[in-house]
Each structure stands twice: as C-alpha cells, then as structure tokens.
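There are 2 protein chains.
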Amino acid sequence: MTTPNPIKLSDQIPWCIDWKGHYYTYDEFVNQVQLFHGHLAPGLLIGGKMVYSALKQSPKDRLLDALCESSKCLPDAIQILTPCTIGNGWLKILPLYRFALTLYDKYSGDGCRVFLDARKVEQWPEIKTWFFKLKPKQEQNTARLFSEIKQAGDHILSHQPVRVAKQFLQKDHVGMRTLCPRCHELFPVKQGKICSACQGNSPYVSPKETSNCR
Amino acid sequence: MTTPNPIKLSDQIPWCIDWKGHYYTYDEFVNQVQLFHGHLAPGLLIGGKMVYSALKQSPKDRLLDALCESSKCLPDAIQILTPCTIGNGWLKILPLYRFALTLYDKYSGDGCRVFLDARKVEQWPEIKTWFFKLKPKQEQNTARLFSEIKQAGDHILSHQPVRVAKQFLQKDHVGMRTLCPRCHELFPVKQGKICSACQGNSPYVSPKETSNCR
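In the order they appear, the protein sequences are chains A and B.
Mapping to this note's numbering: the first sequence position 143 is 143, numbers consecutive.
Mapping to this note's numbering: the second sequence position 126 is 126, numbers consecutive.
Take the hints with a grain of salt, since some may be wrong.
Treat identical chains as interchangeable: a pair holds within one or across any two.
[As the list claims (entries may be wrong)] Listed below are the simulated DSSO-like cross-link pairs for lysine-lysine, each with C-alpha atoms no more than 27 Å apart in a straight line:
| hint | residue 1 | residue 2 |
| --- | --- | --- |
| 1 | K137 | K106 |
| 2 | K135 | K60 |
| 3 | K171 | K106 |
| 4 | K72 | K137 |
Hints are computed from structural coordinates only; laboratory data are not their basis.
Kindly produce the complete structure, drawing on both the sequences and the hints.
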C-alpha cells in the first residue's frame with residue numbers, strides 16, 4: 001500500500017483514516033468494528049487510532065507492510081484500515097503480546113511502531129483498569145471505558161522509529177510440494193516424507209469417531 | 001456464528017454464501033476478494049467455495065469456529081464469509097500447509113473439514129498446474145485457470161467429518177501482565193522477568209539506527 005494523501009478534515013473529527021484516505025468518525029469506526037470483528041472491543045477502537053497514527057507518521061509513497069505484536073484484537077484494526085491481511089501475507093503477527101503495531105517499508109524495513117503507552121494510561125483510570133486487567137471484565141465500567149477511549153484519542157499512544165530485521169522481510173516460501181503417502185494431500189516437501197499433520201501434528205481426533213458432517 | 005438459513009436460489013447461481021445467508025455470484029465474490037485481499041488470487045476463489053461447502057455441511061444452530069491449515073490466501077476466504085477473524089480468535093491458523101479448512105462447533109469440536117482434493121484436480125489441467133506448481137507463475141495460463149475454477153466449482157473439493165482436539169478448543173489466555181523493566185511496556189508475566197521481545201525475540205534492529213518515523 002502507499003499511505004494516503006494529506007487528510008482533508010471536515011466538520012467532524014475523524015477517529016481514524018484508512019490507507020486510501022477514507023475517514024471514519026468514532027461512530028462509523030465503531031460500526032465497522034462490529035461488522036468485521038463481530039463485537040465492539042476496546043482494544044480494537046484504540047487499534048484504529050494506532051493504525052491512523054502509524055499511517056500519519058509514514059512516508060506517503062512507500063509500499064507498507066504491517067507487523068502486529070499481539071494476536072488479540074489489534075490485527076483486525078490493521079485488516080480493516082490497511083490492505084494488509086493475514087491471508088495475503090502483508091500482515092505478520094508475532095506472539096510477543098505487547099500492545100503494539102508497526103507499519104514499515106516492505107523493502108527496507110524502515111517503519112513506525114505505535115504502542116499503547118503504559119505511562120500515559122495512568123491519567124485514564126478506566127483505561128488503566130482494562131489495560132492492566134485490574135478488575136475482572138464484568139466489574140469494569142464499560143461505558144466509562146469507551147468514554148475515556150474516545151476522549152483520550154491518541155494521547156495514550158507513543159511511537160518510535162524502527163527497522164524491521166531482514167529475516168522478517170523475507171517471504172515465507174513453501175517450496176516444492178508432493179502428495180503425502182498417508183493422507184494423499186499435497187504438502188511441502190521440506191516437511192519430510194509424510195506431511196506434518198500425519199507426523200502427529202493433526203489438530204483432529206480420528207474422524208471415524210464423529211458423524212456431524214452430513 | 002450460526003449457519004445461515006436454507007439458501008434461496010435466485011436466477012443466478014451463487015458462487016458462495018456467507019454465514020448470514022448473503023450470496024455472492026462469481027463476479028461479486030471476485031470483487032469482494034479484490035477489495036479485502038488486494039488482488040485476485042486463485043486460492044481465494046476456491047477458498048470461497050470451500051467455506052460455502054463447509055457451511056452447507058454444518059448444522060444450522062451452532063456457534064462455529066474456523067481452523068485453517070494454511071496461512072496462504074485461505075484465511076481471507078474465512079474472514080470474508082464468516083465472522084471468524086484472526087483478531088477475534090474465532091479463526092485459528094495452523095502451519096500445516098495443506099489446502100484445507102474446517103468449520104466446527106466451538107464447544108464440542110465436531111465439524112466439517114473441506115479440502116482441495118488432489119485426485120479430483122487431475123481432470124483440470126490448469127488447476128493441477130497451479131496447485132502442484134508444475135510451472136512458474138508467469139508461465140501459467142491465468143485466464144484458463146480462472147475459467148477452470150469457475151467451471152469446476154465444488155467438483156474439485158472433498159469434505160470429511162472431523163472432531164477438533166480439545167487443546168485447540170481452549171482459549172489462549174494471556175493471564176496476568178506486568179511492566180517490563182527494560183522496555184517499560186506491559187507483557188504477560190508468564191513470559192519471565194523481562195518481556196519476550198527484550199529476551200531477544202524483538203523483530204527490530206536498534207531504533208537508533210533509523211530515522212524514518214517522522
């Protein structure tokens with residue numbers, strides 16, 4: 001993707017802007033989150049602001065890839081607002097579980113990392129409670145949480161320049177494939193003589209035990 | 001999600017139907033793929049048919065999760081046609097690299113696995129060339145490939161009942177979090193005294209070397 005043209009602000013303040021320059025008010029983004037993600041998650045609303053912040057910090061003429069340091073919520077903000085998806089390979093998810101994402105030049109690796117800043121969250125009691133998990137979900141004040149998120153905007157975020165290391169820039173090539181002599185399905189030769197699933201990594205118990213697929 | 005109500009066919013044959021019962025003609029799904037995935041990928045068109053096939057085989061009154069055995073293309077068909085996304089956790093991706101997906105009851109694990117059947121592909125020379133990677137991409141006949149995919153429909157697919165093993169049904173709980181004394185960001189306590197990124201798993205080279213984030 002290339003980053004959007006300079007933002008034209010209308011009377012309504014945008015909550016975030018996608019890579020094509022289409023802007024969403026807070027309510028519009030809430031709606032978009034519900035449509036794609038299935039429900040309204042606080043992390044995804046903040047995630048929209050984080051993607052917007054990273055897009056603003058990025059040069060306008062580069063093809064950007066995305067890296068997400070958490071698999072929870074945040075990847076969907078990237079998938080809604082950029083062309084980077086888990087299926088096209090332009091979005092990578094690392095299991096670091098930090099609340100951070102990076103948009104970077106897919107060739108050089110230079111990019112902008114945006115994170116929810118624990119120090120800045122101190123001023124927002126309900127965001128802090130949610131972020132630090134100080135109370136069980138059902139005891140959190142959801143209305144106040146969303147109100148604080150809306151007020152805080154990008155004041156709870158920080159960003160830093162980063163360079164993504166070369167090994168993360170390379171495409172994961174599957175290489176030659178062949179038929180597995182056990183399951184008779186195609187698999188990458190580099191997995192071995194039989195496919196990874198038949199080597200014991202299948203997520204299924206024996207299909208013979210079930211009869212639910214009609 | 002619960003599976004859609006019985007399908008009402010109009011004059012146009014649907015290529016696929018999403019979980020809400022909204023149907024897409026072949027051309028409409030091509031358009032949807034380009035919008036979400038960024039470009040038209042053969043695997044994603046077939047993936048749409050696979051999701052449709054799995055939805056048809058699934059009971060109508062269950063909450064379904066999705067499991068995808070490949071990270072390439074196929075997850076996006078699931079994200080377009082079901083409420084299961086990588087960010088909401090209802091879609092899991094396993095690096096088995098078989099061209100297969102499963103929709104399953106999120107509580108019992110009972111589900112339907114659909115795969116591109118290497119034996120059935122034999123009758124479709126251009127699909128076979130693409131699937132087995134018999135020629136480099138630039139030497140493949142793309143027009144013929146898409147024509148064969150459209151004609152073949154679900155005749156190149158097979159499905160089987162499966163039961164997803166219990167360990168895959170459990171939610172991945174992050175647990176207690178604390179501030180990392182090095183990067184001052186929140187991370188799961190179970191990673192250790194410092195966060196995983198600071199333990200050497202950071203995808204970045206030193207940010208001091210870069211200056212691209214303005």
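Each hint tested on the structure:
1. Taking CA atoms no more than 27 Å apart as the test, K137 paired with K106 passes between copies only; the shortest distance there is 21 Å, against 38 Å inside one copy.
2. Taking the shortest Cα distances, K135 and K60 never come within 27 Å of each other, neither inside one copy (41 Å) nor across copies (37 Å).
3. In the homo-oligomer, the alpha carbons of K171 and K106 lie at most 27 Å apart inside one protomer (10 Å), although the nearest pairing across protomers, at 32 Å, exceeds that limit.
4. Taking the shortest alpha-carbon separations for K72 and K137, only the intra-copy value of 15 Å comes in at or below 27 Å, while the best inter-copy value is 35 Å.
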